[in-house]
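Chemist: Sequence:
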Amino acid sequence: ARAVALASAGGRLDFLVNNAAVNVERPIEATDDAHWDLHLSVILRASFLTVQAALPMLKSGHGCVLNVASELGLHAIANNVAYVTAKHGLIAMTKAMAIELAPSGVRVNALCPGTMDTELMRDCANDSGDPDAYYAAFARYHPLGRLASPEEIAAFALCLLSPAAAFMTGAAVAIDGGSTAGRV
1 ARAVALASAG GRLDFLVNNA AVNVERPIEA TDDAHWDLHL SVILRASFLT
51 VQAALPMLKS GHGCVLNVAS ELGLHAIANN VAYVTAKHGL IAMTKAMAIE
101 LAPSGVRVNA LCPGTMDTEL MRDCANDSGD PDAYYAAFAR YHPLGRLASP
151 EEIAAFALCL LSPAAAFMTG AAVAIDGGST AGRV
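Residue numbers (this note's numbering): 1 to 184.
Derived from the structure by calculation, the hints contain no laboratory data.
Where a beta carbon is used, it is the ideal one built from N, C-alpha and C, also for glycine.
Some hints here could point you the wrong way.
Stated by the list, open to error - Derived Cβ-Cβ restraints for the label pairs, each shown as a range:
no., residue 1, residue 2, range
1, D33, T118, 22 to 30 Å
2, G178, A133, 15 to 23 Å
3, D33, N126, 24 to 32 Å
4, V184, S128, 19 to 27 Å
5, A164, E29, 39 to 47 Å
6, W36, A133, 24 to 32 Å
7, C159, E29, 40 to 48 Å
8, S128, L38, 16 to 24 Å
Working from the sequences, and respecting the hints, build out all of it.
Modeler: If you want it as C-alpha coordinates, here you go:
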(Lines of atoms letter the chains of each structure in order from A; the text may use other names.)
(Lines give C-alpha, C1' and ligand atoms only; values in the text may rest on other atoms or scores of the structure.)
Protein backbone atom coordinates (compact mmCIF):
# COMPACT_ATOMS: atom_id res chain seq x y z
CA ALA A 1 0.00 0.00 0.00
CA ARG A 2 2.83 2.36 0.85
CA ALA A 3 4.56 1.70 -2.49
CA VAL A 4 1.32 2.43 -4.35
CA ALA A 5 0.92 5.72 -2.44
CA LEU A 6 4.50 6.75 -3.20
CA ALA A 7 4.13 5.83 -6.86
CA SER A 8 0.94 7.82 -7.23
CA ALA A 9 2.73 10.81 -5.70
CA GLY A 10 5.38 10.57 -8.43
CA GLY A 11 7.96 8.93 -6.20
CA ARG A 12 11.17 7.44 -7.52
CA LEU A 13 13.00 4.41 -6.19
CA ASP A 14 16.71 4.03 -6.89
CA PHE A 15 17.02 0.50 -5.52
CA LEU A 16 15.04 -2.22 -3.84
CA VAL A 17 16.59 -5.05 -1.83
CA ASN A 18 14.55 -8.21 -1.19
CA ASN A 19 16.16 -9.83 1.85
CA ALA A 20 13.43 -11.72 3.69
CA ALA A 21 14.17 -15.30 4.60
CA VAL A 22 13.11 -18.24 6.67
CA ASN A 23 15.12 -21.44 6.93
CA VAL A 24 13.82 -24.39 8.90
CA GLU A 25 15.78 -27.48 7.90
CA ARG A 26 13.71 -30.62 7.41
CA PRO A 27 14.03 -33.81 5.38
CA ILE A 28 11.55 -34.39 2.57
CA GLU A 29 9.43 -36.76 4.68
CA ALA A 30 8.93 -34.06 7.34
CA THR A 31 8.14 -31.26 4.86
CA ASP A 32 4.40 -30.67 5.11
CA ASP A 33 2.28 -28.17 3.18
CA ALA A 34 2.62 -25.45 5.82
CA HIS A 35 6.43 -25.75 5.89
CA TRP A 36 6.65 -25.69 2.09
CA ASP A 37 4.22 -22.77 1.75
CA LEU A 38 6.01 -20.73 4.42
CA HIS A 39 9.36 -20.93 2.61
CA LEU A 40 7.94 -20.16 -0.83
CA SER A 41 5.74 -17.38 0.50
CA VAL A 42 8.43 -15.55 2.48
CA ILE A 43 11.30 -16.02 0.03
CA LEU A 44 9.68 -16.07 -3.40
CA ARG A 45 6.15 -14.69 -3.33
CA ALA A 46 6.95 -11.69 -1.12
CA SER A 47 9.90 -10.74 -3.34
CA PHE A 48 7.72 -10.88 -6.45
CA LEU A 49 4.92 -8.84 -4.91
CA THR A 50 7.35 -6.22 -3.58
CA VAL A 51 8.93 -5.71 -7.00
CA GLN A 52 5.52 -5.65 -8.65
CA ALA A 53 4.27 -2.94 -6.26
CA ALA A 54 7.43 -0.85 -6.65
CA LEU A 55 7.67 -1.17 -10.44
CA PRO A 56 6.36 2.28 -11.38
CA MET A 57 8.91 3.93 -9.07
CA LEU A 58 11.74 1.67 -10.23
CA LYS A 59 10.96 2.42 -13.86
CA SER A 60 10.77 6.18 -13.31
CA GLY A 61 14.24 6.22 -11.77
CA HIS A 62 15.87 3.43 -13.77
CA GLY A 63 16.23 1.63 -10.47
CA CYS A 64 17.91 -1.58 -9.47
CA VAL A 65 16.53 -4.66 -7.72
CA LEU A 66 18.79 -6.87 -5.65
CA ASN A 67 17.31 -10.20 -4.60
CA VAL A 68 19.28 -11.78 -1.78
CA ALA A 69 19.28 -15.47 -2.65
CA SER A 70 21.86 -17.87 -1.23
CA GLU A 71 24.67 -20.14 -2.27
CA LEU A 72 21.92 -22.76 -1.87
CA GLY A 73 20.21 -21.16 -4.83
CA LEU A 74 23.21 -22.31 -6.89
CA HIS A 75 23.53 -25.84 -5.50
CA ALA A 76 21.66 -28.02 -3.02
CA ILE A 77 22.11 -29.81 0.28
CA ALA A 78 20.08 -32.55 1.92
CA ASN A 79 17.35 -31.95 4.49
CA ASN A 80 16.47 -28.46 3.29
CA VAL A 81 14.29 -28.95 0.20
CA ALA A 82 11.87 -26.06 0.83
CA TYR A 83 14.61 -23.45 1.35
CA VAL A 84 16.77 -24.72 -1.52
CA THR A 85 13.78 -24.75 -3.87
CA ALA A 86 12.71 -21.23 -2.90
CA LYS A 87 16.23 -19.83 -3.35
CA HIS A 88 16.62 -21.53 -6.76
CA GLY A 89 13.25 -20.02 -7.68
CA LEU A 90 14.41 -16.57 -6.56
CA ILE A 91 17.37 -16.80 -8.94
CA ALA A 92 15.11 -17.90 -11.80
CA MET A 93 12.76 -15.02 -11.03
CA THR A 94 15.73 -12.63 -11.00
CA LYS A 95 16.70 -13.71 -14.51
CA ALA A 96 13.13 -13.50 -15.83
CA MET A 97 12.65 -10.04 -14.34
CA ALA A 98 16.02 -8.86 -15.67
CA ILE A 99 15.06 -9.77 -19.23
CA GLU A 100 11.59 -8.25 -18.96
CA LEU A 101 12.64 -5.03 -17.22
CA ALA A 102 15.90 -4.30 -19.08
CA PRO A 103 14.18 -2.28 -21.84
CA SER A 104 12.82 0.08 -19.16
CA GLY A 105 16.28 0.57 -17.65
CA VAL A 106 15.66 -1.46 -14.49
CA ARG A 107 18.45 -3.84 -13.50
CA VAL A 108 17.74 -7.00 -11.50
CA ASN A 109 20.47 -9.15 -9.93
CA ALA A 110 20.74 -11.80 -7.23
CA LEU A 111 23.34 -11.91 -4.50
CA CYS A 112 24.12 -15.43 -3.32
CA PRO A 113 25.90 -15.25 0.03
CA GLY A 114 27.43 -18.19 1.76
CA THR A 115 26.91 -18.90 5.41
CA MET A 116 27.21 -15.85 7.61
CA ASP A 117 26.78 -15.16 11.28
CA THR A 118 23.21 -13.86 11.46
CA GLU A 119 20.22 -14.35 13.73
CA LEU A 120 18.86 -16.94 11.27
CA MET A 121 22.17 -18.85 11.43
CA ARG A 122 22.16 -18.73 15.23
CA ASP A 123 18.58 -20.09 15.27
CA CYS A 124 19.59 -22.98 12.99
CA ALA A 125 22.66 -23.66 15.13
CA ASN A 126 20.61 -23.71 18.33
CA ASP A 127 18.00 -25.98 16.72
CA SER A 128 20.77 -28.44 15.81
CA GLY A 129 21.36 -29.36 19.45
CA ASP A 130 25.11 -28.66 19.22
CA PRO A 131 25.68 -25.06 18.12
CA ASP A 132 29.49 -25.25 18.33
CA ALA A 133 29.65 -28.31 16.08
CA TYR A 134 27.13 -26.70 13.70
CA TYR A 135 29.27 -23.56 13.33
CA ALA A 136 32.47 -25.59 12.94
CA ALA A 137 30.92 -27.71 10.18
CA PHE A 138 29.86 -24.62 8.24
CA ALA A 139 33.28 -23.00 8.66
CA ARG A 140 34.87 -26.15 7.18
CA TYR A 141 32.30 -26.12 4.36
CA HIS A 142 33.78 -22.91 2.95
CA PRO A 143 37.27 -23.20 1.44
CA LEU A 144 38.20 -19.92 3.16
CA GLY A 145 37.53 -21.76 6.44
CA ARG A 146 35.19 -19.27 8.08
CA LEU A 147 31.75 -17.73 7.99
CA ALA A 148 31.10 -14.40 6.31
CA SER A 149 30.26 -11.33 8.33
CA PRO A 150 27.08 -9.43 7.49
CA GLU A 151 29.28 -6.37 6.86
CA GLU A 152 31.21 -8.19 4.10
CA ILE A 153 27.98 -9.12 2.35
CA ALA A 154 26.52 -5.62 2.77
CA ALA A 155 29.62 -4.00 1.25
CA PHE A 156 29.34 -6.20 -1.83
CA ALA A 157 25.59 -5.58 -2.07
CA LEU A 158 26.31 -1.85 -2.20
CA CYS A 159 28.68 -2.48 -5.10
CA LEU A 160 25.96 -4.35 -7.01
CA LEU A 161 23.56 -1.46 -6.43
CA SER A 162 26.09 1.19 -7.45
CA PRO A 163 27.00 2.62 -10.87
CA ALA A 164 29.99 0.22 -10.85
CA ALA A 165 27.49 -2.51 -11.80
CA ALA A 166 25.54 -0.41 -14.31
CA PHE A 167 26.03 -2.94 -17.12
CA MET A 168 25.05 -5.92 -14.98
CA THR A 169 21.59 -7.46 -14.99
CA GLY A 170 20.29 -11.01 -14.66
CA ALA A 171 23.35 -12.16 -12.73
CA ALA A 172 23.47 -14.44 -9.72
CA VAL A 173 26.71 -13.60 -7.93
CA ALA A 174 28.18 -15.88 -5.28
CA ILE A 175 30.01 -14.36 -2.31
CA ASP A 176 30.45 -17.61 -0.48
CA GLY A 177 34.03 -18.19 0.62
CA GLY A 178 34.50 -20.48 -2.38
CA SER A 179 31.84 -23.05 -1.46
CA THR A 180 30.23 -23.12 -4.91
CA ALA A 181 33.67 -23.52 -6.52
CA GLY A 182 34.38 -26.81 -4.76
CA ARG A 183 36.02 -28.28 -1.69
CA VAL A 184 39.59 -28.20 -0.43
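Chemist: Determine for every hint whether it applies to the structure shown.
Modeler: Structure-based check of all given hints:
1. Remark: the range hint 22 to 30 Å for D33 to T118 is upheld by a beta-carbon distance near 27 Å.
2. Restraint check, G178 to A133: a C-beta distance of roughly 22 Å satisfies the suggested window 15 to 23 Å.
3. Between D33 and N126, the C-beta spacing of about 26 Å keeps the proposed range 24 to 32 Å intact.
4. Here the CB-CB span from V184 to S128 is close to 23 Å, well matched to the stated 19 to 27 Å.
5. Here the CB-CB span from A164 to E29 is close to 46 Å, well matched to the stated 39 to 47 Å.
6. Judged by the Cβ atoms, the range 24 to 32 Å given for W36 and A133 holds: they are separated by roughly 28 Å.
7. Between C159 and E29 the CB atoms are about 41 Å apart, so this pair conforms to the stated range of 40 to 48 Å.
8. One distance hint, 16 to 24 Å for the beta-carbon pair S128 and L38, holds here, with the actual separation near 19 Å.
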